[in-house]
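Enquirer: Sequence:
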Amino acid sequence: MSGSNNPYNASFGGQMSASASYGGAPSAGGASPIKDTTTANFAKDVIEESRRQPVLVDFWAPWCGPCKQLTPVLEKVVTEAQGRVKLVKMNIDDHPSIAGQLGIQSIPAVIAFVDGRPADGFMGAVPESQVRQFIDRLGGPAGGADDQAAEIAAVLEEASGLLAAGDVNGAAELFGAVLQADPENAKALAGMAECMIAAGQSQRAREALADLPETLANDAGIQAVVKKLDQIDEARKLGDPVAIEQELAANPDNHEQRIKLAKIRNVEGKREEAAEHLLTVMRKDRSYDDDGARRQLLEFFEVWGAKDPATIAARRKLSSILFS
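The sequence shown maps to residues 1 to 324 in the UniProt record's numbering.
Do not take every clue at face value.
Under the rule of at most 27 Å between Cα atoms (straight-line distance), these lysine-lysine pairs were calculated in the DSS-like manner [as the list claims (entries may be wrong)]:
hint, residue 1, residue 2
1, Lys-307, Lys-270
2, Lys-68, Lys-89
3, Lys-307, Lys-187
4, Lys-270, Lys-187
Think of the hints as simulated: they come from the structure by calculation, not from any bench.
No experiment lies behind these values; they were computed from the predicted model shown.
Using the sequences and the hints, build the whole thing.
Expert: The following block contains the structure:
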């Protein structure tokens with residue numbers, strides 16, 4: 001879902017960009033975060049690189065038994081750190097001058113460089129847990145899938161709040177950012193379609209939700225948006241609301257017209273009024289259209305959501321009718 005064929009690459013009164021990103025990458029271009037260095041390359045591999053991210057320098061030698069224990073642990077933890085730090089290994093037998101300048105007298109020794117200077121370090125074959133703690137101090141705690149999911153959830157909540165407040169552009173930008181990170185995020189897909197509906201682009205919203213994989217198409221949030229689109233299409237065929245109101249003024253018990261007006265008010269966003277029309281029909285004649293007013297109200301609830309204030313208020317009134 002990218003490029004000119006992406007139905008979510010749209011503007012709603014302005015240019016919509018989705019530049020946010022979530023989680024980290026191992027390193028630019030997928031390069032390994034681990035390498036060997038030499039005296040000649042030390043400045044580039046360590047000093048310069050540490051201005052971009054922390055660099056651990058593993059000073060070792062082939063004859064060093066503890067080095068053989070520590071190096072695999074370092075490589076494992078650095079790899080799992082997903083780009084938060086880099087590891088540079090230096091064989092002090094082949095390249096002794098740097099270790100001498102740093103005053104390293106025993107190995108294994110690990111020195112962390114940050115902003116071009118030694119910042120921290122340790123000596124000896126320490127356990128993996130200590131290596132992880134050391135890296136966390138330098139590069140920050142691991143991001144991981146849980147942190148990414150939490151960040152996406154927070155962005156989705158903010159986007160929903162913006163949409164509820166009428167900021168369609170702001171909401172669309174955030175939903176779009178989530179879709180860049182997670183193209184099959186059901187909440188973001190539904191949210192973006194809601195933005196399209198709010199911007200008067202109902203047909204485009206329907207196209208955006210067409211041909212989704214079954215798991216996405218069956219998502220409750222996406223199904224609610226599809227039902228909302230169906231309600232919009234139906235309401236457009238029900239006639240002039242002013243004329244319907246005039247008919248109801250002349251005959252308040254015209255339940256067919258009252259239900260039509262409820263459907264129109266619903267797509268206009270007048271949820272409380274829509275619900276009240278249906279509740280009025282129920283109070284007067286529960287049997288009309290085989291309890292059609294109640295069934296229609298339940299369809300509204302599915303689209304509005306259980307936490308919507310209109311749903312909560314109408315459900316209370318519905319209960320009083322059903323159980324009085």
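Enquirer: Each of the hints needs a verdict: does it hold here or not?
Expert: We went through each hint and held it up to the structure:
1. Lys-307 x Lys-270: holds (16 Å)
2. Lys-68 x Lys-89: holds (12 Å)
3. Lys-307 x Lys-187: Holds. Lys-307 to Lys-187 sits at ~16 Å (cutoff 27 Å).
4. Lys-270 x Lys-187: It holds: about 24 Å lies between the C-alpha atoms, which stays within 27 Å.
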